Amino acid sequence: MRRRKGAPWFQDVVQRRRFEGGARDAYEIQTNSTGRRTRDCVTYKVKVPVPEYETRTITITLSNTFTKILDSVIADGPVESPHRFDEHRLCIWYPSDPPELRWVASDGLLKLITHARVHLFKEAYWRETGEWLGPEAPHRPNSKEDA
Amino acid sequence: MTFDEPVGDEDPSVDLIVGLQRAVDDALWIPHLDADRWDASHPEKHTAMLTAEPARLRVHRARVLRLGKAAVCNDGDKRVMCSFNIEAQALEQVTVARATLAESLEILFQGAAASILQGLTPDPARVSGPIKLPEGVSREQAAMRLAFFASKVREARNSYSRAGAQAALVEVFGPQMQEAPRSSKLRIADELRRDERGAATTAAFGTAAADLKLTRSFGRQR
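Going down the list, the sequences are from chains A and B.
When you read off a place in the first sequence, starting at 1, and then add 857, the result is the number in my numbering.
When you read off a place in the second sequence, starting at 1, and then add 20, the result is the number in my numbering.
Calculated directly from the structure, the hints in this document are not laboratory data.
Every value quoted in this text rests on a predicted model; they were computed, and no experiment measured them.
It is possible that part of the hints are untrue.
Partial selection, computed: residues in chain A whose CB lies under 10 angstroms from chain B [what the hints assert, rightly or not]:
no., residue
1, GLY879
2, ALA883
3, PRO908
4, GLU909
5, PRO939
6, ILE949
7, LEU967
8, PRO995
From the structure, some residues in chain B lie toward chain A, with a derived Cβ separation under 10 angstroms [what the hints assert, rightly or not]:
no., residue
9, ASP95
10, VAL100
11, LYS172
12, ARG217
13, ALA223
14, ARG236
Just so it is clear, CB atoms sit at the ideal spot from N, CA and C, and this is done for glycine as well.
Next comes chain A alone, as it looks inside the complex (with noise of 0.2 angstroms):
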């Protein structure tokens, strides 16, 4: 007899709640999904403002896998960076640090909403001094690796 696996995280409303514990009472969340099944994903979209600056759109893509993987966070607005690896996708994070050094699933949405904001502001003031604030990640040219 084969066990069941349980359903893609975002139908377990128990994971789904924990997850976006905090982030619904702080933001103003657009949540949607392309499907119930796990090569389906779910996205977040949310007004984020960014201190100093310009409020901005973020969105936040999920596979609805049976554990959450972060597909991308992306931001509209400007696009000069040097911390994306496309036009639009942060980089916020080097993916081979340990978790300590990353965010992981288990921090939850409001975290991974945050860390976005602070890079927002990252890319901000670089637009506007020509300074990165704070630790980057040794680049390899050409690297296919993503955050």
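The hints should help you fit chain B onto chain A, whose structure is shown.
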């Protein structure tokens, strides 16, 4: 003079570098230990250019240079050019003693930004190749930072109040102006620069920022 012998009242620290006289001119071959080769250089000519007459220009340029170096070096390991590069730029940009240091400092930064965007700074003695930028720093990035410094010095010069001038200059000379008031943006920047999550960051980003993990930004090649 022998080693460890004070000069007058001072006991200075001196870097002693072996140099070989070049056969083709009066420059030197200086060892480049990291690259395991000898590089041509003319430190005596560099010094002679910086200390040349007239005295008024020499003193004025030395003061402007000291300010310029302080601003660039405030960026620590993210500085966009080395001290020698700033000296070479000062020789090109500061050619007359102007009425104020601020005026010449703005000219130094603005001129250096335009120059580095065009190409690397040539060796003032024309003995070695152009002066390289620090590893990972592009010419565009260096120009952007220097242009920012120029804009802040200009802002300070155009300010009608001491407070206005201070507010502009503290963005360039933050470590030297510890007592100057800082805007909330600058206080956030100061904390993020030190990779701290303090009062300014928490006030701006909410309590979730207080224990936010300290990540290293990543992305494409600059």
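For this session: List in ascending order the numbers of the hints, as given earlier, that are violated by the structure.
Result: none
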